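Trainee: Generate the whole structure from the sequences, applying the supplied hints.
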Amino acid sequence: MIREELRKLIWKAVNEEVSFERPENPEHGDYSTNIALVLAKKQGKDPRQVAETLVSSLDRRGLDFLGKVEVAGPGFINFFLSRKYFLKVLSSIAKEKEKYGSGKERKRIIVEYSSPNIAKPFGVGHLRSTLIGQALYNLYKFLGYECIGINYPGDWGTPHGKILYQLSEKLLKGKSEKERKEILKSLTPQDLEKLYVGFHEEAQQDPTMEEEARIWFKKLEMKDKEARMIWEHIRRVSMEEFERIYSFLDVHIDYLIGESFFEGKMKEVVEDFKKKGLAHESHGAFIVPFPGEALPPAMLLKTDGATTYFTRDLANMKYRIQRWKPDIIAIETGNEQILHFKQVFSASKLIGYATKEKLVHVFHGLYRTQEGKFSTRKGQTVHLEEVLREAIEKASAIIGQSETARGLSPEEKEKVARAIGIGGMKYNDLIQHPSGDIIFDWAKILNLKGNSAAYIQYTFARCRSILKKAEAMPRNAGDAYEFSKEETEIIRTLNAFPEVARDAAERFSPNLVANFVFDLAQKYNLFYGTHSVLQAETKEAKEFRLFLTQAVAQVIKNSLSLLGIQTPERM
RNA sequence: GUCCCCAUAGCUCAAUGGAUAGAGCGGAACUCUUCUAAAGUUUAGAUCGAGGUUCGACUCCUCGUGGGGACACCA
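In our numbering, the protein residues as written are 229 to 799.
These are calculated hints, taken from the structure and not from any lab test.
Each hint should be verified, as a subset may be incorrect.
Said to hold, decoys possible - Below, simulated DSSO-like cross-link-like pairs (lysine-lysine); rule was C-alpha separation at most 30 Å, straight line: (1) 553 x 495; (2) 325 x 236; (3) 453 x 422; (4) 422 x 503; (5) 643 x 713.
Stated by the list, open to error - Here are the simulated distance ranges between beta carbons: (6) 564 x 716: 21 to 27 Å; (7) 430 x 598: 56 to 62 Å; (8) 665 x 797: 35 to 41 Å; (9) 596 x 428: 20 to 26 Å; (10) 438 x 568: 44 to 50 Å; (11) 596 x 754: 31 to 37 Å.
Predicted model, so just to flag it, every value in this text is computed and none were measured.
Note that beta-carbon positions come from the ideal geometry of N, C-alpha and C, so glycine has one too.
Mentor: Printed below as a string of structure tokens:
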């Protein structure tokens, strides 16, 4: 990557770490650094002077990617890439194809994401973790990391007492053994949702239900056969539902390790903390303080001796680090868990479960309506499939009118409609930085114009269409051709892709990739409107533009695939 | 009460401390005998407030205002 080369170049000259930016304005070069401003400040000199001196001392031997280097403004040093290098970018893409931009990091990362709750519906809220997590997984894999994706569903804890209570009271009571089996076997996710919502409504009138639920969970913890059997059915029904949704969304998570998995592993954690004197008794509970860290203490054991999710997550950390020895652990959840993970990470380091591992909590904001809160109670949940179905329908309608899709079979059209509908849903989420709340807006998700997945997919299809109509692909981009402003802009953008992928991974921000690919598509569409590829003025121009078009299609595909979005050939 | 997240155009979002704060939607006006008009062009429109640090602040610091969340027996 050029950024690294330039860094080395400056390092050789002044022994300083520098950062580069890619200026929006092409007049400011392809890369720019403010190093002279920083140095001038330190040395009390004139920044432009410092910049000039630095530029003249650069050892440019053998660096044929570099064009002119100039000092501008208050003392920026602007680097322009050479024509030769621009052509090389295109041939690299042609050669490396889906590998263009990828890396060879030999590190290992665990990404925990999705993690829905058993017995609750998979709403739009859970979608965020699934999509962001999957995109991060894809990104790190692309950079060469060995990725371990973990789905950590909430399949344990008092909420499950509620559903156990509901099932046994409402559906199973007074039934014969055979009937009970039948009922459990034919249980649907909708049944579970109804029972769960029903519990909260009824518990308002009858507070004793909460106590009953606790008793049921206690039974489950005590390995009561009956409770266990019902729980397993609930778990199965939920997981089947989730799997169905994952496969619909084209999401694949390597491991399914739920909270229940750590049931037997928490005693050990409590012992570890006791042994090292890192936890103490307080008001009958057992807590871990964080001296000097401005964190409130976290609870390891409740007064009744039961564990908490803090205990569970510590067991989880210990297990993961021992089993996989990762370099990075990234956990994707809602932002309401920020404090919790600060505590878990700190405690993991205190106790020594984690040492050199980089622990990252990637948190996302919640879905909201424009008016305010999204009330998940009382059936206000928006069902994922409802949204998707509508998105797909809308795409179908447009495909029906599309001239170029005319030759497609109904099955193919359906496939394209799905790619567009699901892509739109994913893009709507990933275009935004994870941390903020996200407004649930039907119009925006269903939007097929402007900044949307469909716009980018459409641009890809345009490229593919041109390439198919061209009789032959040129071997290289034609040296003789002097490219235009629009074409230069596209190459500059293509060159940025490997760096964007790295920045997005490093900052855990898939939205950088989404922004990038939209920008690329926009630039190609601008080019498309001003230049003809197949009817180009000269042979050289045609060859160059075909080569460029091919490169754009490839990089759009690489980018969207990082986001988990498909690129149909025609639409 | 303490801590955390957020605040940018009418709406939804961008912008590793950099050069003229970018897009999309919506509004107004245009461009299909021309490789896919799901496109393109033109146009109006914004950094919550007050201080501070800096050559330079949407970005960093302090104090406010507004929205959301967490803070011992829910996860």
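Trainee: Okay, which hints does this one fail, numbers in order?
Mentor: 4, 5, 6, 7 and 10
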